[in-house]
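A.B. asks: Start from chain R and add chains Z, C and E according to the hints.
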Amino acid sequence: MPIGHYLFLSLALFLIGAIGVITRRNVLIVLMSIELILNAVNINLVAFSRYFGDVAGQVFALFIIAAAAAEAAVGLGIIIAFLRNRETVLADEMDLLKW
Amino acid sequence: MPPAYIPLLLFSLLVLAFPVVTLIVLKYIRPGSGGGPTKFQPYEYGILPETSASRPYSTRFYIIAMLFVIFNVETVFLFPWAVLFRSWLAAHLAGFALIPMFVFLGILLVGYVWLYKKGAFDLASLR
Amino acid sequence: MLDSVIFYFFAGIAIVSAVLMITRRNAIHSAIFLITTLLATAGIFLQLRAEFLFISQIILFVGGIMVLFIFVIILVRLDVPLPQVRWRTQKWIALLVTLAVGMEAGVVLWFARKIPGQGLIFPNPAPADKLHPNTEELARSLFGSYLLPFEIASVLLLVAMVGAVVMAKKRIDA
Amino acid sequence: MSPMLHSILAFVQAWWVELLCALLIVLVVPLIAVYIALVERKFMADVQARPDSTRVGPHSLLQQIPDALKLLFKEDLIPANADQFIFWFAPVLSMTAALTSMGAVAFGPWFQVARDINLGLLFAVGVSALRPLGIILGGWASNNHYPIIGALRSTAQLISYETTAGFALVSGFLLAGTLNVRAIVEIQRTDQAWFVFLAPVGFFIYLIASIVETNREPFDLPETKSELVAGSIAEYGGFRWLLYFLAEYANRIVVASVGTTLFLGGWLRPFPNVRWLIWLDAAPTLLLAAVGAYCVFRAGKQPAREQSLFMWAVALACFVVAAIFALAAPFGHLPFELMHNGLYGAFWLLLKVSAYIYIFTWLRFTLPRFRFDQLMRLGWHILIPLALINVVDVGIALALSSEFGLNRWLSMVITTVATLGAAMLLLHWNDKYADAASAGLLADSSVVEGTHAG
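Residue numbers (this note's numbering), protein chains in the order written: chain R, 176 to 274; chain Z, 23 to 149; chain C, 2 to 175; chain E, 3 to 456.
Because the hints were derived from the structure by calculation, they are not lab data.
One or more of the hints may lead you astray.
Claimed, not checked - Reference listing, derived: stretches of chain R covered by chain C, where coverage requires no fewer than 3 residues with Cβ under 8 angstroms from a Cβ of chain C:
no., stretch
1, 210-217
2, 251-258
Stated by the list, open to error - Cut-off 30 angstroms, straight-line C-alpha distance, at most; resulting in silico cross-link-like pairs (DSS-like, lysine-lysine):
no., chain 1, residue 1, chain 2, residue 2
3, E, K44, E, K76
4, Z, K139, E, K434
5, Z, K140, E, K434
6, Z, K139, C, K170
7, C, K170, E, K434
C-beta atoms are modelled at their ideal positions from N, C-alpha and C, and glycine is treated no differently.
Excised from the complex, chain R in its bound form (with noise of 0.2 angstroms):
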């Protein structure tokens, strides 16, 4: 099977995680859909180092995952913070760069 097949799987998960970030008003939802596309860029990653032979796209996907943890949980502690202080969670309502 050409590594062809993965990257297109991975481009559909790319851009079904784009369409997600760039649509939806729930924040959360946002931010899943951003963890999404940072699946799809795994699977390139793992992808082309099965392909290649080399382990080094497995060790960067891994690197990927501690950062979508890091990720989540700061962008969770924004969303926390946030709706303490403005009792909102749809993106076109945050407009204000300090509250």
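C.D. replies: This is chains Z, C and E only, laid out in the frame that chain R set:
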């Protein structure tokens, strides 16, 4: 797919099928039920609930889950280290085996001590 | 043969549940479909012989990050459907732009698949034994060439830990 | 023959042990779970000095069958406000995660679904990580205060101690140097020590974490029947409840098997390298023969004729199985060798797993329940740093014995003493901290309730 995982894949499908099939089959052979709408109210000691269950819960649960995610990443980094440890020792590279992990854990220890002082682990008095 | 069947099985699940994820109105349903996508992706990692990554995807992404998401959804009462009203025009423009970018990347991929020597043609994977004791190989690489990123990852985790606690504990009287 | 059929046949020929094992797990584990529950009831009655049910079958051994049938045919009630899809999905997820993680557990050297996979034990640990999802989704889908509070508490407890268990397992993997189940057990044979003796603190931490992870008393906060009805599964009844129940007992078996494999020598008999203890290899045969002899002895004393016939039948069955065990031993041929190694290994492994689960039950009826904040403090303030220190100390001990030629046992004793000293220090700090915090604690009424408006 590594070949050793194929039985495992079949096994997980079988395991998934077990509750699903049983639920569906039982739906058709189970005796029917009666009773009015009160029967389907949430069980709260016989008192009808006045509010929806989605009221705000404490954010301390968020702190627990967040710390879990961070520490879990640490665990996952520890597993490959533990697997290679003995082969490093066999090559007499004990310093090389121990020092990177000491640095890794040391950096996180700083965070742990900071959180301890800050009271983040004191999950009972957190607001 | 079997390999491609397994790949298409997992890829189908991943794409369908990803689409469902961004279209659900209830955030918990979205989370469940994201979990399904992540599990299917883990299956694809396994199919690509990245065994350790398969299990870290399950432990970290599904068992860690998604639990955190569901916690927050329940804690901040997002588990009720939200109206999706404003942003009508912006939505269509955004969709159009995204699809254009996607088409572009797809076209590039499609035409590059047959050009030899362009770096995109890998009809067959490398021999399986190159990655064979997967955990050991990954560990050798992680603690060899990528030791510095590994230590920096711990700094990243430290910063995330501190930042998240500061964020969640902050209270401003407005 | 069509090529499709041919390849399927070849596949079955190559993997028949694994497939058979998969089928057996799905069929037998629910039965074992149900009978663990029966043993627990008997044990509880014994501790509380009262008789248990005695009616259905001899010693009410058949009691669980009508109970299970009742649950199967009970009315399937979904509350009106519940989320139908997730209410359906959550117990299935719990059950699937629990049973799938059993695939990596080796019941003896031959009986394992995932034989010689690179991940080995880590597969069982990883798939168990899906457990909190099943609980929290089930609690949320019920749309009721009690299940949601129960689910939040339960998940918080599970995830806190999952990290602890992970660190404790790392200390075992350090000693083994591999994740593969068979290799782990073999190393415990060649090293001439179960890892529980080399990393006692690690095993102790894993034991505590595994009790917490299976929601047993004294850590059964998610259920707390007097406060939260039945925790996250209060709205579940009938077969869905049965699924949660089976998942919980399957989890118990999984954590016990993982602990046994990594720390208690897996399927090795006690002292596998001591020559004069070789008669222990015959223990399963002797044990079965002894049970048979006892049945023959009791058969004459039964009041009714059916009862004595039943005893004769049990004795006969015991003798036949013992004869199979005994006859399998001397032959070196493959089917006999498989049966011999497999059955003997399975015997010792299951004996150890049963002992492990028995400890769970024992603690359940002897210790009072922890409070939620006590549980969290034990995990985050004491066990997690202690587990990390333990990992570092085990690493140092291994390095000491390989680099400086120190005796392995001496270095282990030194580092274990160091770990215990660290534990004392942590406890001391925590006591001081708790004293300082207790004044504020008592003023806060939300502590015990478990919820507080953010």
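A.B. asks: Does each hint hold? Answer for all of them.
C.D. replies: Going through the hints against the structure:
1. Counting residues of the stretch 210-217 of chain R whose C-beta sits closer than 8 angstroms to any C-beta of chain C gives 4, which meets the bar of three, so the coverage hint holds.
2. Check on the stretch 251-258 of chain R: 7 of its residues sit with their Cβ under 8 angstroms from a Cβ of chain C, so the three-residue criterion for coverage holds.
3. Using a Cα cut-off of 30 angstroms, the hinted pair K44 (chain E) and K76 (chain E) holds, with the two alpha carbons roughly 25 angstroms apart.
4. In summary, the hint linking K139 (chain Z) to K434 (chain E) is supported, as the alpha carbons are separated by about 13 angstroms, within the 30 angstroms threshold.
5. Proximity of K140 (chain Z) to K434 (chain E) is assessed by CA-CA distance (about 16 angstroms); at most 30 angstroms being required, the pair is judged to hold.
6. The suggested pairing of K139 (chain Z) with K170 (chain C) holds, with an alpha-carbon distance near 14 angstroms, which does not exceed 30 angstroms.
7. Between K170 (chain C) and K434 (chain E) the alpha-carbon distance is near 24 angstroms, which keeps this suggested pair within the 30 angstroms criterion.
Checked against the numbered hints above, the structure violates none of them.
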